[in-house]
Amino acid sequence: MAKEGISPAGRAGFDDDISQEEVEKLLRGFLDSLTEEYKKARGFSHAFAQILRPESEDQ
Amino acid sequence: MTGTKAEARKPLRLAVIQMARMGDTVQSLMALRAAKQLYPELEITIITHENFSDAVKSTPWIHRSLPFPTEKILAPLLSGEKNSRECLSALAEWLEPLVDRPWDLAINWTFNEPSSYLLGILPAQVKLGFSRKKSGEFKNADGWSHYIQSVVQSSTLQSIHLTDILTTQLLTALQVHYGDPVDPGAASVTSKNFFAHRRDQYVCDQWNALGRRWIALQLGASHSSRAWDPENWAQMIGQILRRHDDVNVVLLGTPRERSLEKRFFDRLHRELGDSSLYQGRVVSKVGTTPFELWTKILSDAQWVFTADTAAIHVASVLGTRVFNVVVDSIRFQETGPYGNGHYVVRNVSPVAAYGAWTYANTEWQHRRAHSISEHFKNLEISQELKTAEIYRAKIRATDEGGGVHYEPLITRPLSIEGWLSQAISHLAREWYCGWVPPMENELSKSEITPDLLQTLRKVREGVDVLDRIAGQGIRTAEELKSFTSKLKSEKLMKSSDRERIANLGQELAELERLITRVGETQLPLGFFTRLTTVLMANLEGEKLSELSRETADSYRFLQVGIGGIRQWVDGTLKLAKPAPVVQPATVIPLRARTPRA
Chain A
2 MAKEGISPAG RAGFDDDISQ EEVEKLLRGF LDSLTEEYKK ARGFSHAFAQ ILRPESEDQ
Chain B
10 MTGTKAEARK PLRLAVIQMA RMGDTVQSLM ALRAAKQLYP ELEITIITHE NFSDAVKSTP
70 WIHRSLPFPT EKILAPLLSG EKNSRECLSA LAEWLEPLVD RPWDLAINWT FNEPSSYLLG
130 ILPAQVKLGF SRKKSGEFKN ADGWSHYIQS VVQSSTLQSI HLTDILTTQL LTALQVHYGD
190 PVDPGAASVT SKNFFAHRRD QYVCDQWNAL GRRWIALQLG ASHSSRAWDP ENWAQMIGQI
250 LRRHDDVNVV LLGTPRERSL EKRFFDRLHR ELGDSSLYQG RVVSKVGTTP FELWTKILSD
310 AQWVFTADTA AIHVASVLGT RVFNVVVDSI RFQETGPYGN GHYVVRNVSP VAAYGAWTYA
370 NTEWQHRRAH SISEHFKNLE ISQELKTAEI YRAKIRATDE GGGVHYEPLI TRPLSIEGWL
430 SQAISHLARE WYCGWVPPME NELSKSEITP DLLQTLRKVR EGVDVLDRIA GQGIRTAEEL
490 KSFTSKLKSE KLMKSSDRER IANLGQELAE LERLITRVGE TQLPLGFFTR LTTVLMANLE
550 GEKLSELSRE TADSYRFLQV GIGGIRQWVD GTLKLAKPAP VVQPATVIPL RARTPRA
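Residue numbers (this note's numbering), protein chains in the order written: chain A, 2 to 60; chain B, 10 to 606.
Excised from the complex, chain A in its bound form (with noise of 0.2 Å):
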């Protein structure tokens, strides 16, 4: 068993008050932060391919 101490095991976290609003800023800061992973991610060679795509496939 844990000791006493700075919260050794999490707090209660049930939002059942959480607005509209707040959830939305929740979601947008989530996908705003996954959008810029997933773009790390495909890093360099993704988007060297991108450039070098032939016209013709975007047609």
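Derived from the structure by calculation, the hints contain no laboratory data.
It is possible that some hints are incorrect.
[As the list claims (entries may be wrong)] Pairs of lysine to any residue residues, derived as SDA-like cross-links and limited to a Cα-Cα distance of at most 25 Å, are as follows:
| no. | chain 1 | residue 1 | chain 2 | residue 2 |
| --- | --- | --- | --- | --- |
| 1 | B | LYS503 | B | GLY570 |
| 2 | A | LYS26 | B | GLU80 |
| 3 | A | LYS41 | B | SER338 |
| 4 | A | LYS40 | B | ARG509 |
| 5 | A | LYS41 | B | LYS552 |
| 6 | B | LYS81 | A | GLY30 |
| 7 | B | LYS81 | A | THR36 |
| 8 | A | LYS26 | B | SER98 |
| 9 | B | LYS395 | B | LEU461 |
| 10 | B | LYS403 | B | ALA378 |
| 11 | B | LYS143 | A | ASP33 |
| 12 | A | LYS41 | B | ARG340 |
| 13 | B | LYS271 | B | SER231 |
| 14 | A | LYS41 | B | SER234 |
| 15 | B | LYS81 | A | ASP18 |
| 16 | A | LYS41 | B | LYS271 |
| 17 | B | LYS143 | B | SER164 |
| 18 | A | LYS40 | B | HIS58 |
| 19 | A | LYS41 | B | GLU551 |
| 20 | B | LYS395 | B | GLY412 |
| 21 | A | LYS40 | B | GLU95 |
| 22 | A | LYS41 | B | ASN60 |
| 23 | A | LYS26 | B | GLY89 |
| 24 | A | LYS41 | B | ALA84 |
| 25 | A | LYS40 | B | SER231 |
| 26 | A | LYS40 | B | GLN392 |
| 27 | A | LYS26 | B | HIS58 |
| 28 | A | LYS26 | B | LYS395 |
| 29 | A | LYS40 | B | ARG507 |
| 30 | B | LYS467 | B | GLY570 |
| 31 | A | LYS26 | B | GLU549 |
| 32 | A | LYS40 | B | THR79 |
| 33 | B | LYS66 | B | GLY296 |
| 34 | B | LYS552 | B | ARG509 |
| 35 | A | LYS41 | B | LYS403 |
| 36 | B | LYS143 | A | ASP18 |
| 37 | A | LYS41 | B | ARG509 |
| 38 | B | LYS552 | B | GLU521 |
| 39 | A | LYS26 | A | THR36 |
All figures in this text were calculated on a predicted structure; none of them were measured in a lab.
Dock chain B against the given chain A, drawing on the hints supplied.
Just chain B now, kept in the frame of chain A:
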């Protein structure tokens, strides 16, 4: 309540966010398996990265797996096919089954920024890991996550395995919030049946044939800088094939690793000369193993050779012995193979790796009665030990510290980083588990050098300064708490009261700056600076009196750690003192002898 029958217990709904790579996912499954054995009432839902969800889908005791559809949601946004609003709706739609009713416990084991928003959104009675407040502000919800943020994610070394951290974090929360576990009996976390797969798939001819032993060699790693060169593997495997007639090798890798496969075979053919003599003894499955076949091979093999964390963790949960070559500065103490009898080597040549493996492979004969140095001497390769690091994994008994430990088979001088990693891990157990094994279990006199002692004497001075700062922090925060508790309002007050609060606040800010300065001048104590920052950033009080009480608690918490480091410094200095030589006392005659006539 220990030993309560599982059927009498109410289901506990647990949501786990694990959106990292395969290795992290399997590590999480290992921790969850332990929790499920102790709390069979757990109904576990895992949110995974879609590319790494196979392991979760193949685990029968996981209630539900929810892969995040990265390509479906993010690719249209980046290509401009959909706007941000439309993607937000798609995201909300995916999220719907996760927010329909509150979770008993939600835990974020991804430990990154995007996942913190996801935990922030999930409704749960208890949340662990990186999260967000309703305002969107970052929130780190519990002690072990503070440790991850301030130590594991920094350059400071520590030696508690991540599987042990995750397991302890979850089990502690379950025990605190939902009561004692059931008695799991002799249940084991690792098992050949960890994944629900068919066992009769065809691998290749001679697979599991009587008298044949198979080594599964996983080429590559999550990053190319972490992989051991295929030429090195080829040299090592060449020696094995020449000297061990009963051993075959199966090569594993992703379709992207075909170039490594080619380099491996080019070198192996050069090593072996007449390769027809070894026909059929090396089989390549590079790029052709779906998850199910891959795990079957890793499960059936006698050994898994690799530098890849995914293969390491899958082999660990399947109970197959791992020979892990560590490349670069990988922190294998955190992510190495979990279990008994695995070997981890670093700074080795192919010849030294071969020597270490033959020692590991013949343990049942020598029962470690002779040392690895003697073994290398017998092989006439002693010079290969000059730089090599060789460790053997062992699950320690609880009274020895518990968890997996990598026992060094060659004693090397302990660096300050190595010393600190052990001291910090000891502290973490004291902070978050409430007990520690004796320090002498973790340090050996033969590792201590004069250089280390000299550094520790300087560290001791810094520890004393930190202790005084923490003591002052407690007094100042308590004074602020006591003063603000008496105020009728924290908004309307006399200007003299406001000034006093401002002064005490400034004093606390100054103390934080002093901790930073100590960390800058005494680098081994730098983790206290990061921990202070994390603790102070996660105060939750709404009122000044609550915030000051939490600040005082944080300084008390730091003081426990400072005391722990002081004990380690003093203990090490004491351990290094020369022991008195116990010999019969020489009798010194009182009178000078007179020569006999």
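Now for the hints, and whether the structure bears them out:
1. Between LYS503 of chain B and GLY570 of chain B the alpha-carbon distance is near 39 Å, which puts this suggested pair outside the 25 Å criterion.
2. As the CA atoms of LYS26 of chain A and GLU80 of chain B are separated by approximately 22 Å, the hinted pair is consistent with the 25 Å bound.
3. With a C-alpha separation of about 23 Å, the suggested pairing of LYS41 of chain A with SER338 of chain B holds against the 25 Å cut-off.
4. Pair hint LYS40 of chain A plus ARG509 of chain B does not hold up; C-alpha atoms about 50 Å apart against a cutoff of 25 Å.
5. Only pairs whose Cα atoms come within 25 Å are accepted, and LYS41 of chain A paired with LYS552 of chain B is rejected, the gap being roughly 41 Å.
6. A threshold of 25 Å between alpha carbons decides the hint, and for LYS81 of chain B with GLY30 of chain A the separation of about 18 Å falls inside it, so the pair holds.
7. Straight-line distance between C-alpha atoms of LYS81 of chain B and THR36 of chain A comes to about 12 Å, which keeps the hinted pair within the 25 Å bound.
8. This hinted pair checks out: LYS26 of chain A and SER98 of chain B have alpha carbons roughly 13 Å apart, not beyond 25 Å.
9. A distance of roughly 21 Å separates the Cα atoms of LYS395 of chain B and LEU461 of chain B; the hinted pair therefore holds under the 25 Å criterion.
10. For the hint linking LYS403 of chain B to ALA378 of chain B, the alpha-carbon distance of about 17 Å falls within 25 Å, and the restraint holds.
11. Between LYS143 of chain B and ASP33 of chain A, the direct Cα distance comes to roughly 17 Å. Compliance with the 25 Å bound is thereby established for this hinted pair.
12. Annotation: proposed proximity of LYS41 of chain A to ARG340 of chain B holds, straight-line Cα distance about 23 Å (limit 25 Å).
13. With a CA separation close to 19 Å, the supplied pair LYS271 of chain B and SER231 of chain B stays within the 25 Å bound.
14. Under the criterion of a C-alpha separation no larger than 25 Å, the hint pairing LYS41 of chain A with SER234 of chain B is consistent with the structure, at around 18 Å.
15. With a C-alpha separation of about 31 Å, the suggested pairing of LYS81 of chain B with ASP18 of chain A is violated against the 25 Å cut-off.
16. The straight-line distance between the Cα atoms of LYS41 of chain A and LYS271 of chain B is roughly 29 Å, outside the 25 Å bound, and the hint therefore fails.
17. The straight-line distance between the Cα atoms of LYS143 of chain B and SER164 of chain B is roughly 31 Å, outside the 25 Å bound, and the hint therefore fails.
18. For the given pair, LYS40 of chain A sits about 15 Å from HIS58 of chain B by alpha-carbon distance, which is consistent with the 25 Å threshold.
19. The suggested pairing of LYS41 of chain A with GLU551 of chain B is violated, with an alpha-carbon distance near 38 Å, which exceeds 25 Å.
20. In summary, the hint linking LYS395 of chain B to GLY412 of chain B is not supported, as the alpha carbons are separated by about 29 Å, beyond the 25 Å threshold.
21. For the proposed pair LYS40 of chain A and GLU95 of chain B, the alpha carbon gap of about 19 Å is at most 25 Å, so the pair holds.
22. A hinted pair counts as satisfied when its Cα atoms are at most 25 Å apart, and LYS41 of chain A with ASN60 of chain B qualifies at roughly 16 Å.
23. For the suggested pair LYS26 of chain A and GLY89 of chain B, the alpha carbons sit about 22 Å apart, so the restraint of at most 25 Å is met.
24. For the given pair, LYS41 of chain A sits about 13 Å from ALA84 of chain B by alpha-carbon distance, which is consistent with the 25 Å threshold.
25. The straight-line distance between the Cα atoms of LYS40 of chain A and SER231 of chain B is roughly 18 Å, inside the 25 Å bound, and the hint therefore holds.
26. A C-alpha spacing of about 48 Å is found between LYS40 of chain A and GLN392 of chain B, which places the hinted pair above 25 Å, so the restraint is violated.
27. A threshold of 25 Å between alpha carbons decides the hint, and for LYS26 of chain A with HIS58 of chain B the separation of about 22 Å falls inside it, so the pair holds.
28. For the suggested pair LYS26 of chain A and LYS395 of chain B, the alpha carbons sit about 57 Å apart, so the restraint of at most 25 Å is broken.
29. Taking the CA atoms of LYS40 of chain A and ARG507 of chain B, the gap is near 49 Å; set against the 25 Å cutoff, the hint is violated.
30. As the CA atoms of LYS467 of chain B and GLY570 of chain B are separated by approximately 18 Å, the hinted pair is consistent with the 25 Å bound.
31. Restraint check for LYS26 of chain A and GLU549 of chain B: the C-alpha separation of about 20 Å stays at or below 25 Å, so the hint holds.
32. Distance hint between LYS40 of chain A and THR79 of chain B is fulfilled; the C-alpha atoms sit about 11 Å from each other, no more than 25 Å.
33. For the proposed pair LYS66 of chain B and GLY296 of chain B, the alpha carbon gap of about 21 Å is at most 25 Å, so the pair holds.
34. As the CA atoms of LYS552 of chain B and ARG509 of chain B are separated by approximately 16 Å, the hinted pair is consistent with the 25 Å bound.
35. Between LYS41 of chain A and LYS403 of chain B the alpha-carbon distance is near 38 Å, which puts this suggested pair outside the 25 Å criterion.
36. About 10 Å separates the Cα atoms of LYS143 of chain B and ASP18 of chain A, which keeps this hinted pair within 25 Å; it holds.
37. Restraint check for LYS41 of chain A and ARG509 of chain B: not satisfied, since their Cα atoms lie roughly 49 Å apart, outside the 25 Å limit.
38. Restraint check for LYS552 of chain B and GLU521 of chain B: the C-alpha separation of about 20 Å stays at or below 25 Å, so the hint holds.
39. For the hint pairing LYS26 of chain A with THR36 of chain A, the CA-to-CA distance comes to about 15 Å; that is within 25 Å, so the pair holds.
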